[in-house]
Amino acid sequence: MKGKKRFFRRTPRDTTRVNHRIRAREVRVVHGDKNVVMDTRAAIKLAQEAGMDLVEIAENAKPPVCRIIEYGKYKYEQSKKKKASDSHKQKTKEIQLRIAIDEHDYGIKLARAERFLAQGDKLVVQLRFRGRENAHKDLGFELMKKVCGDLNTMGKVDLPPNLRGKRVTMTLSPLPKHQQKRQFDKHLKHLSEEALANDEGDFDDEAQENGETQEIDQNQDLEQAQVSEPSQEKSAPTDA
Numbered sequence: 004m005k006g007k008k009r010f011f012r013r014t015p016r017d018t019t020r021v022n023h024r025i026r027a028r029e030v031r032v033v034h035g036d037k038n039v040v041m042d043t044r045a046a047i048k049l050a051q052e053a054g055m056d057l058v059e060i061a062e063n064a065k066p067p068v069c070r071i072i073e074y075g076k077y078k079y080e081q082s083k084k085k086k087a088s089d090s091h092k093q094k095t096k097e098i099q100l101r102i103a104i105d106e107h108d109y110g111i112k113l114a115r116a117e118r119f120l121a122q123g124d125k126l127v128v129q130l131r132f133r134g135r136e137n138a139h140k141d142l143g144f145e146l147m148k149k150v151c152g153d154l155n156t157m158g159k160v161d162l163p164p165n166l167r168g169k170r171v172t173m174t175l176s177p178l179p180k181h182q183q184k185r186q187f188d189k190h191l192k193h194l195s196e197e198a199l200a201n202d203e204g205d206f207d208d209e210a211q212e213n214g215e216t217q218e219i220d221q222n223q224d225l226e227q228a229q230v231s232e233p234s235q236e237k238s239a240p241t242d243a
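Adding 3 to a residue's 1-based position in the sequence shown gives its number in the working numbering.
Source of the hints: derived by calculation from the structure; they are not laboratory data. Backbone N, C-alpha and C fix where the C-beta goes; we use that ideal spot for every residue, glycine too. Do not rely on the hints blindly, as some may be mistaken.
Cβ pair distances, simulated, as ranges [said to hold, decoys possible]: (1) G75 / L166: 20 to 26 angstroms; (2) G134 / R185: 21 to 27 angstroms; (3) D161 / H107: 49 to 55 angstroms; (4) H181 / K83: 51 to 57 angstroms; (5) V40 / T95: 20 to 26 angstroms; (6) D105 / A61: 20 to 26 angstroms.
Subject to a maximum C-alpha distance of 25 angstroms in a straight line, what follows is the list of computed DMTMM-like cross-link-like pairs (lysine to aspartate or glutamate) [as the list claims (entries may be wrong)]: (7) K84 / D42; (8) K92 / D105; (9) K76 / E106; (10) K169 / D188; (11) K96 / D17; (12) K83 / D105; (13) K85 / E62; (14) K169 / D89; (15) K189 / E62; (16) K65 / D89; (17) K85 / D17; (18) K149 / D89; (19) K86 / D105; (20) K48 / D89; (21) K184 / E62; (22) K86 / D56; (23) K76 / D108; (24) K78 / D108; (25) K84 / D56; (26) K180 / D153; (27) K48 / E62.
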């Protein structure tokens, strides 16, 4: 029996050109008050004499632009810039509902939704129909309407409830901070930090399109399927 193939995520390769990896014959060197075009080998020598590196920062410029800086320091600066940029990007979060959700769980879901909107994230609310629930899609739209009303102090509807296959989804954007008012915070007070961290999390639109949405209550569905299917077992023949 052949073993299963394992797939490993490769660490992104560092493509920054440094010192002798720089291909251009001449470069524009930016260092302190200097901004001069010079031979690449001479620029590398200048950087090494200063105990630093020649780092290419704009390869598409003509000639390419380089800085004289310690490469480790340069990487640290770029990492800080990326983190600062990522922190300002608006993320999209998701909560998932069911028609038969009880009042307590509904309160927790909406408290988490409020928390996402308070963070400035967009919110996708998704309701999935299973089994006999498909015959009661009107109840799903009623629940979505209730969610809209309950979250109107935190966000506004960007995309109204839309049926796609066995799912109804809608998207909300956060209101300005000074207009937001939470109503469901009390539902999170009794939860541990671990439980609070176990949110639905980031919304993966590509996974949704490919039908790869995380399944919830898989065991429950399996049990329902086993109950609904007729037994295929045949009784053993008895001796005459």
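| field | Hints not upheld, ascending by number | value | 1, 2, 3, 4, 5, 6, 7, 8, 9, 10, 11, 12, 14, 15, 16, 18, 19, 20, 21, 23, 24
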